[in-house]
Amino acid sequence: MEAAKPAALQFVSRGPISRALEREGTLAFWLLAPTLLILTVFIAYPFVLGVWLSLSNSTVGEPGHFIGLANFHKIFADSIFRTAAINTFVYTGITTVFKLALGLWLALLLNRHFRGKAWIRAFILLPFIIPTVLSTLAWKWMFDPTFSVFNWLFWKMHIINSRINWLGDPELAMGSIMIVNVWRGVPFYAISLLAGLQTINPDLHEAAAIDGANRWQRFRHVTWPLLLPVTMVVVLFSVIQTFADFQLVYVLTGGGPANATHLFATYAYQIGIGTGLLSEGAAISLAMFPALLLVVVFQLWYIRKVENR
Amino acid sequence: MIEGARWRKWVWFYLPLGAFILALLFPFYWMIVTTVRPDGELYRPWNHPLYSPFWTSNPTLDHVKSLLQETLFNTWMLNTMFIAFVATVISLVCGVIAGYALARLTFRWAGILGTAIFVTYLVPQTLLFIPLAEIIRDYRIGDTPWALILTYPTFLIPFCTWLMMGYFKAIPRELEECARIDGAARWQAMLYIIFPIAVPGILSAGIFAFTLSWNEFIYALVFLSSPEQKTVPVGVTSELIRGDVFFWGSLMAGALIGSIPVAVVYSFFVEHYVAGMTGSVKG
Amino acid sequence: MAQVRLTQLNKKFDGTHAVKDVNLEIRDHEFVVLVGPSGCGKTTTLRMVAGLEEITSGEISIDGKVVNNLAPMDRDIAMVFQNYALYPHMSVYENMSFGLRMRKFERAEIDRRVKHAAEVLGIQPLLERRPRQLSGGQRQRVALGRAIVRNPRVFLFDEPLSNLDAALRVQMRVELKRLHDRLDTTAIYVTHDQVEAMTLGDRVVVMKDGTVQQEGAPLALYQRPANRFVAGFIGSPAMNFVPVTLEWSEHALWARATGLRVRVPPARTEAMRQHVDKKVILGLRPEALHPSSGSDGADYAFEATVEVVEPLGSEILLDTRVGEVPVVARVDPGVRVNAHERVRLAFDPARAHFFDAATEAAI
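Protein chains in written order, with numbering that gives the first Met the number 0: chain A, 0 to 308; chain B, 0 to 282; chain C, 0 to 362.
The hints are simulated quantities; they were obtained by calculation from the structure and are not laboratory data.
Keep in mind that the hints are not guaranteed to be accurate.
[As the list claims (entries may be wrong)] To give a feel for the contact side, a few chain B residues facing chain A, derived at Cβ under 7 Å: (1) Leu21; (2) Leu131; (3) Ile148; (4) Thr150; (5) Ala184; (6) Ala254.
Note that CB positions come from ideal geometry on N, CA and C, so glycine has one too.
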């Protein structure tokens with residue numbers, strides 16, 4: 000190699016900005032700045048504002064003043080709010096159990112090899128992909144008291160003689176909504192759990208089988224424990240989304256019949272936006288926060304634990 | 000081994016799988032059938048003798064035509080596409096660079112900021128929509144696409160960041176180190192070496208963000224009021240109902256056509272979508 | 000080419016003191032090998048020279064200029080990584096020209112340099128291929144080529160041959176040596192393989208636990224190890240260590256262990272005098288031992304029980320036991336010995352090593 004070389008240490012000239020960005024801390028700052036800006040302005044600030052609103056008596060067009068916890072007293076005394084609170088917890092609990100069970104079952108089914116597996120897997124995700132309100136509208140149509148295809152089916156099968164008022168009967172409405180939620184959530188659980196299943200080394204199942212374990216025992220002692228981390232993450236995500244759900248109830252029943260199906264979110268909307276009582280609406284929204292915080296803290300703790308294992 | 004296994008396979012595998020597929024896809028079938036069913040057939044009660052749910056002998060495109068020509072559906076489609084696209088781009092840019100910073104750079108606040116971004120992902124829109132409505136009004140961007148374009152990144156960025164972190168962590172450090180020794184500044188190594196390699200991840204994040212934007216409802220419902228500004232989900236649920244009358248034909252047509260963009264994007268990028276979803280769950 | 004100087008170099012990670020007060024001078028055109036077991040600090044030292052790790056204390060200077068705070072891109076060095084670190088989304092040509100493009104060289108100059116390096120390494124037909132289409136050996140060559148085109152002041156190598164299979168490794172080792180002769184570069188090479196160190200290095204630096212144990216020409220390390228660690232690390236199979244006690248008898252110093260009584264060579268007796276009541280370790284390389292009939296004197300011979308015979312074709316390794324201590328001997332292939340037999344091994348007194356058992360230093 001005979002190329003001429005400068006005698007001194009060859010200095011690569013770079014602008015001052017390049018040099019400043021060589022420091023990890025500086026580069027990290029600028030890379031994170033846009034994100035932090037957006038999150039501060041549109042999440043942190045509204046959150047603080049929401050807390051202030053809940054502690055004041057603002058309505059649309061009239062900024063109020065501080066009134067302490069009066070709003071919270073009011074809503075806790077409100078029977079509809081109590082119904083909404085109970086609904087939300089029950090709704091979240093029951094749908095999560097069903098989504099997990101059915102999702103796991105579907106994941107186990109999909110974990111084999113069969114023709115058309117890729118196609119089926121793709122189609123199965125559709126309920127999760129398609130915008131929620133649009134598929135929920137289809138369900139509303141299927142539940143329509145006069146035109147319901149389910150009513151037709153059960154009638155043909157001689158199970159019923161008069162119509163089932165899926166969404167109009169206060170006893171049934173919540174159940175119908177839960178059916179739609181489970182329908183929507185099973186694919187997400189299934190595909191996520193399937194991915195988790197596929198990371199389990201098949202050698203472990205073979206070793207267990209040789210050791211004499213039957214199907215159920217293999218599932219309980221090999222599959223389930225190894226699947227637990229993924230399961231926890233999926234469940235916690237889903238719980239948060241379901242707890243704060245709005246779209247399903249809004250489209251299917253609007254909170255009715257007679258306020259029987261309200262959740263925190265829909266009731267907050269009805270009070271805050273519908274009637275313009277911003278502060279009370281904000282208080283209802285914020286009532287979700289303690290439970291959500293618990294879930295988030297739990298999730299963080301769990302992830303930390305798994306990472307440090 | 001032959002007889003028994005076959006029967007078993009049907010009961011334990013094909014039947015349940017078939018049932019799942021039927022249950023999961025039936026509503027879409029219903030959507031399609033309803034869209035092409037003429038009004039006369041549509042409004043037959045469930046115990047009407049002529050109720051024939053599963054097909055129609057007189058398919059018609061009337062509902063579709065009325066949707067596209069007599070409503071603002073086309074405008075809603077354009078609105079939603081525009082908002083989803085711009086919000087996705089903003090979120091991708093922010094998420095990719097933030098993901099890189101958290102995955103690759105060591106600095107004092109890395110842990111705290113990573114956790115903070117993760118936590119904001121878990122603050123649901125239904126908790127913030129009331130105060131945000133006020134803020135949007137104050138900034139005078141209410142009833143414009145910008146209300147959504149600026150607020151959608153609040154839930155898109157954390158997801159993109161988290162996803163990209165996973166992708167970046169899987170790229171060997173030596174590539175950047177080698178690039179820096181070769182003569183690249185840190186930011187050049189990031190831009191010319193790492194980002195091109197992470198393209199599959201960026202694609203996954205983008206597709207997921209696009210889908211999530213289409214799916215958002217409450218912000219669109221609360222921040223937009225004029226019919227011309229609405230997005231597809233809001234428009235279809237609010238404008239196609241006059242009084243207490245539901246125009247189911249048009250509603251289903253709207254639901255069906257409104258689902259098409261997302262379904263098309265999804266169909267081209269299924270692998271990326273699944274990778275995005277499972278990547279975020281496996282962390 | 001350049002001279003690199005490390006002065007009182009230290010690196011601490013969160014509680015671990017990885018590099019302790021390392022002083023080293025690498026002269027112009029010298030090929031220095033840093034060798035040692037994993038965790039000894041050799042890679043960390045290399046990375047500090049490269050600018051990839053912050054220096055806790057101490058100084059690194061290249062050609063007299065202190066580079067502690069210079070970014071890697073400014074240090075005019077090139078590095079070959081263990082995993083080649085080829086940019087997967089670029090062709091071989093683009094990989095090799097990346098550094099020159101970043102430094103804004105002219106297209107014609109870039110082309111000339113890349114073609115030249117490709118010719119030196121014999122990879123011209125590969126220029127348009129992607130890394131994933133290349134074999135391990137080819138990738139290694141491209142990594143070398145990428146370093147060569149830059150014409151850097153110093154070459155750094157981080158265990159570049161560790162990922163290759165055994166046969167390829169031997170071949171590449173020879174090629175690297177040939178390359179070094181041709182390019183006459185200043186180089187710092189890190190490896191855990193002492194064979195590579197001995198073959199490639201003008202000078203070898205043995206490290207352990209963050210400190211330099213000994214540095215010098217390969218042969219010097221082999222013949223005069225400064226301590227027990229270096230003695231056991233260099234040379235394969237490793238040197239045999241027998242704990243002995245010294246005693247005077249008939250005006251001579253003897254080393255005694257169970258089943259062994261050999262004389263301390265007269266030339267060493269003076270130095271060993273102070274160790275008479277202390278614990279001492281006798282070191283004998285397997286290749287220094289040969290079977291003896293008894294015709295040579297009993298001063299430098301002992302009996303051992305053969306446990307395992309390993310016939311390698313070119314030589315035979317005898318795994319024997321003397322008392323409690325295992326001793327390996329490397330003997331000619333013609334020797335006829337069987338397991339469970341006793342054999343008499345003798346050695347050249349000049350090739351005996353003694354170490355203080357407490358300090359492990361050579362006496």
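Verification of the supplied hints:
no.: 1; hint: Leu21; in the structure: violated, 11 Å
no.: 2; hint: Leu131; in the structure: holds, 5 Å
no.: 3; hint: Ile148; in the structure: violated, 11 Å
no.: 4; hint: Thr150; in the structure: holds, 5 Å
no.: 5; hint: Ala184; in the structure: holds, 5 Å
no.: 6; hint: Ala254; in the structure: holds, 4 Å
The structure is inconsistent with the numbered hints 1 and 3, although it conforms to all the rest.
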